[in-house]
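Starting from the structure of chain A, add chain B where the hints point.
Spelled out from the first residue to the last, the chains are:
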Amino acid sequence: MDTSNPAVFVNAELLRLYVGPRVRAVIQVLRSDGGVVTGQSTDDNQILVKGSPPSPLSKFVEVVGIADSEKSIHAEIWTNFGDTFETHTYNQLCQLANGEFKHLFL
Amino acid sequence: MYGSQFDGGAAFSGGGFMPSQTTQAADPSFSSSKNREIQSLLPLTVKQIKEAFLLSDDKSNFTIDGVDVNNVTLVGMVCNRTGRITDVTFILDDGTGRIECNKWVQELVDSNEVEGILDGMYVRIHGHLKGFMGKRTLNVFSIRPITDFNEIASHFIDCIYVHLYNTRLRKLQGGVTTQQQMANSTSTPMKGSPAAPPHQFSGQYNVGQKNIEQMVLDFLQLPSSNADEKGVHCDVIARQLRVSMDKLMSSIQNLVEEGLIYSTTDDFHFKSTING
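As given, the protein sequences belong to chains A and B, one line each in that order.
Under this note's numbering, the first residue of the first sequence carries the number 1, and numbering increases by one thereafter.
Under this note's numbering, the first residue of the second sequence carries the number 1001, and numbering increases by one thereafter.
Next up, chain B with everything else stripped away, as it sits in the complex:
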C-alpha cells in the first residue's frame, strides 16, 4: 500500500543529484558510502571545494573525502554583492578562497532574507554546489548574518572534524557508520557486513517491515528534511507518510524520548538528531 504510493527516490531526487532506486539496484559500482552519505550536509572550506573540483574532471557531481557533495554549508564574508529583481549574486570569501554564489529571490521571505545581507558581512550559507560550463557556483538556499563570531571558528573546526571523520574514522568502522546501525537497529537488513552495501532507499518504504517510528526517522534524515533549519512540520510528515496525526504524534513522542529526534522552534517542527 504505502510502497506503491510513495517513491522515496523520486520524491526526494533533489535536482537530479540523488540517484533513483533503479540506478542503485542496477549499478553495482554504487558503493555503500555514496549510498549512505547522500543525505549528508557537508561543512566545507572553499579550498576543499576547489581541490575536489580540479580532480573531478568537470563531472556534474564530485566527491570530497569519499563522500558525494550535495548540500554544503560555508561561513565567510560577502563581497561584490549584486542585487537584481530575480536573484542576488555575490562572492563568498571564507579566507581559504572565494566562490561565486547565487540566491534566487522568488518570494517576499527570500527578498527579506537577502535585503539585510551587505558587503563585508560575515554569513552562514546553506546551499547546493552547481556546475555549469566548467564554472562552479553555490546555489544558496539560506543565508544568515553571523551575530556570534565564535561561529566562524566553530565552522572551521566542524570542517576539520568532518574531514577527519570521513577520511579516518569512517574507514575504521569498515564503511558502516554507527549512525546507520543506530538508526536502523530495528531492521535486520541493515546489519549486513560492509561487503553488502546497505541499500538505504530500496525496501525502505515497504509496508509492514517498519513501524511508523522508523518511517518518521527515515523521513527526517532525508536531505530535503534538513534543508530548513527549523526541520519539518508534523503536518508535512503526516501527509508524506500518510499516517494519522494520532499515530504520528505518539511515534514522535517516543522518538523524542529516545533522543533520536527533537523539536525545534516550536512543538510542531522536528529534526533528526543525527543531522544536527
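Just chain A, same shape as in the assembly:
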C-alpha cells in the first residue's frame, strides 16, 4: 500500500493551491491544438492541459498529472469520460475532498 503520491480532486479554483503535486480534474474539451487542450473546469473556468491527448477525445475528459501552473496541468493519464457527465456533482466532490473530508483523501 502506498499513499505517498495521491492525485487530488481539483477544479480550477483548487488547482491554484496545488502547483507541484499530482492532481486529477475533469474538463469539458473546448479546443485541442496539438499537445495543448483547452478545457472548461467543473467550476466553469478555463484550464490548459498539456501532454499527449488520445484521439479522439470525448466531450468530457479526466486528466491526471502534475499541476505545472495555476491554470495548467501537465497530464500523464487521459481518460475519456464520454459525452455526458455530472459536472456539478463532481465539483461538489472536489470541494468536500479538499475541505471537511480532506483526511479521507490526502
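None of these hints come from the bench; they were simulated from the model.
Some hints could be false.
Said to hold, decoys possible - Subject to a maximum C-alpha distance of 30 angstroms in a straight line, what follows is the list of computed DSSO-like cross-link-like pairs (lysine-lysine):
1. A/K102 with B/K1130
2. A/K102 with B/K1271
3. A/K59 with A/K102
4. B/K1230 with A/K102
5. B/K1050 with B/K1135
Chain B only, in chain A's frame:
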C-alpha cells in the same frame, strides 16, 4: 428443530473474520457495534485503509470509524496487471493511494471477468481485505469495468457519507441503528437499551420466535448474501432456511411489498434493501 440444524455463525463464518456465536457470548468486550456492523460492506478510499492499517498494530483484523472491516468496495484505476494461470494481480490506484489486489481465477466465469480488465481502466471492486506478513492485499471477489464515469464521484461521495454516518450519526443514535430496529421490530429482544448489546446471531435462529419473513430478511442481510450483486436465488434461500417454496414465496412477496427486499436481475434473485 431449525436451530439445531443450522448454525448461522458457522455457516457464514466467512474465512474466520466473523466470530462464532460462542465467541460473542463469552466475550463481553464484544461491543454492539462490532456485532452489528459485521454485516457491512464498506465503501473506502485507500487512504482510509492505510491509516487504519497503521493504527491496527498489524492485527489480523482492524476497524475504521469503529466498524470492523471485512468486505470493502473501491473504485479506481488498474495498473501493473499481471495475469497468471491461477490468479491475476494488479495495483488499484484510486487517487488517494495504491493497493495490491489479487483475484483468484478458478472457473471460466472468473477468467472471462478478468480477461477484459486492462491497465488504465477504471473499475469497481468488491473484495475482502487480507493481511499477510505485514502486507495488506485486497482479495477481489468481483471486478467490473466502469462505464458510467459518474460512478467515480458517486463512490467517493459514498465513502464520505459512510464515514460521516459511522463517526457521527451512529453515535447520535446511541449505538443502535435504525436499520436494526426496523429490521427486527417484530422481535422484542432487539429493543433493548444500548447498554444491552443486540446479540444478532445468538437466538436468531430459534424456532417459533420468528416467522419465515424474519428468517428470510436476516438471511438476506448476511454478508455472504451480499457478496453477489445479483443477490440470492430463492432456491438457495429455501434450501438454507429449510422452508417450503410455497411458504417462502408468500413471505418474499410480503417483504417485497413492505419494501424490505427487492428482486434483482430476475424474479428469483433477491436482496435486502438495507444492504443496497
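Structure-based check of all given hints:
Simply put, A/K102 and B/K1130 have alpha-carbon atoms about 26 angstroms apart, close enough for the 30 angstroms limit, and the pair holds. Annotation: proposed proximity of A/K102 to B/K1271 is violated, straight-line Cα distance about 33 angstroms (limit 30 angstroms). Restraint check for A/K59 and A/K102: the C-alpha separation of about 29 angstroms stays at or below 30 angstroms, so the hint holds. For a cut-off of 30 angstroms, the pair hint linking B/K1230 to A/K102 is broken: about 34 angstroms separates their Cα positions.
This hinted pair checks out: B/K1050 and B/K1135 have alpha carbons roughly 11 angstroms apart, not beyond 30 angstroms.
Checked against the numbered hints given earlier, the structure breaks hints 2 and 4 and satisfies all the rest.
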